[in-house]
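Colleague: Working from the sequences, and respecting the hints, build out all of it.
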Amino acid sequence: MRLATWNVNSVKARLPRLLEWLGETKPDIVCLQETKCAALAFPAAEVGELGYVTAAHGDGRWNGVAVLSKVGMSDVALGFPGEPAYEGVRESRAVGATCGGLRIWSLYAPNGRTLDSPHYAYKLEWFAAYRAALADELGQPLVACGDFNVAPTDDDVWDPALFAGSTHVTPAERGELAELRALGLHDVVPTPMKGPHPYMYWDYRAGMFHQNKGMRIDLVYASTDVADRVRSAYVDREARKGKGPSDHAPIVVDLI
DNA sequence: ATGTCACAAACTTTGTGA
2 MRLATWNVNS VKARLPRLLE WLGETKPDIV CLQETKCAAL AFPAAEVGEL
52 GYVTAAHGDG RWNGVAVLSK VGMSDVALGF PGEPAYEGVR ESRAVGATCG
102 GLRIWSLYAP NGRTLDSPHY AYKLEWFAAY RAALADELGQ PLVACGDFNV
152 APTDDDVWDP ALFAGSTHVT PAERGELAEL RALGLHDVVP TPMKGPHPYM
202 YWDYRAGMFH QNKGMRIDLV YASTDVADRV RSAYVDREAR KGKGPSDHAP
252 IVVDLI
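Position 85 (the first sequence) corresponds to 86 in the working numbering; numbering is contiguous.
Hints listed in this document are in silico derivations from the structure and should not be mistaken for laboratory results.
All residues carry an ideal CB built from backbone N, CA and C; glycine is no exception.
Check the hints yourself; a few may be wrong.
[Stated by the list, open to error] With beta-carbon atoms standing in for the labels, derived distance ranges: (1) D204 <-> D229: 34 to 40 Å; (2) R232 <-> E180: 38 to 44 Å; (3) A46 <-> R232: 31 to 37 Å; (4) S11 <-> E88: 35 to 41 Å; (5) G73 <-> L41: 31 to 37 Å; (6) D204 <-> V77: 29 to 35 Å; (7) L184 <-> K244: 39 to 45 Å.
Modeller: Laid out in structure tokens, this is it:
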């Protein structure tokens, strides 16, 4: 069983690359984030030709998440109970589905913007609400993965000093990850394709990818039974190269 | 590091978000 998660930064803009990558990598289950696509506009027919069924949750211009599966799909959940709204709008940041005997969540956590922004408070509330909702789903093989917009440790950013006073690295944000792990979830850390750090996000600007100034903010959190089945996990940095990439690379996890 | 990219409306340029 091969599982993947990828923040594609617009599924429409990335569609040729996504289809090529799916054909080469052949994951059984794929979690996508930042599809930036209304649910009805998702290219389900195109991925369908490769054998995937789709669960898409989308607003249109911003956010948007999806699960693709070749191994069946049931119990699709668009968002989760108690999911908070931002400025009155419940955004498309979580989609759940049961595929191939696994409970899967594709997550796109709020960015937070700045520490004094209402978006930061919303980010922390969103994590707490997700954790509460997930408590009802424990006891089955489960994977919660996607763009968490939090670097778990200082080793997960290229220069921790630059992040002083910024989002993504605060004790409060890292505390939310710790609370998720306290539910019995395990951080499946992928192997980097190059260099010592399993970064999968590099800003488009300033040659950050070339200099490997990246971050590990996309995470795979797996229940114990699933974590015990992990044979390998890697960051596919090849997918970040070339013309028209996302600013994130995919993570690929192989389960026994 | 603030050097790019994607989107949509104000639509051949700008504002927003990341």
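Colleague: So, for every hint listed, does it hold in this structure?
Modeller: Okay, the hints, checked on the actual structure:
1. Between D204 and D229, the C-beta spacing of about 35 Å keeps the proposed range 34 to 40 Å intact.
2. At roughly 28 Å, the beta carbons of R232 and E180 sit outside the given window of 38 to 44 Å.
3. With their beta carbons about 32 Å apart, A46 and R232 fall inside the hinted range of 31 to 37 Å.
4. The supplied range of 35 to 41 Å is broken by S11 and E88, whose beta-carbon atoms lie about 22 Å from each other.
5. One distance hint, 31 to 37 Å for the beta-carbon pair G73 and L41, is violated here, with the actual separation near 22 Å.
6. The hinted range of 29 to 35 Å is satisfied by D204 and V77, whose Cβ atoms lie roughly 33 Å apart.
7. In this structure the supplied range 39 to 45 Å holds for L184 paired with K244, their Cβ-Cβ distance being about 41 Å.
Of the numbered hints listed earlier, those contradicted by the structure are 2, 4 and 5.
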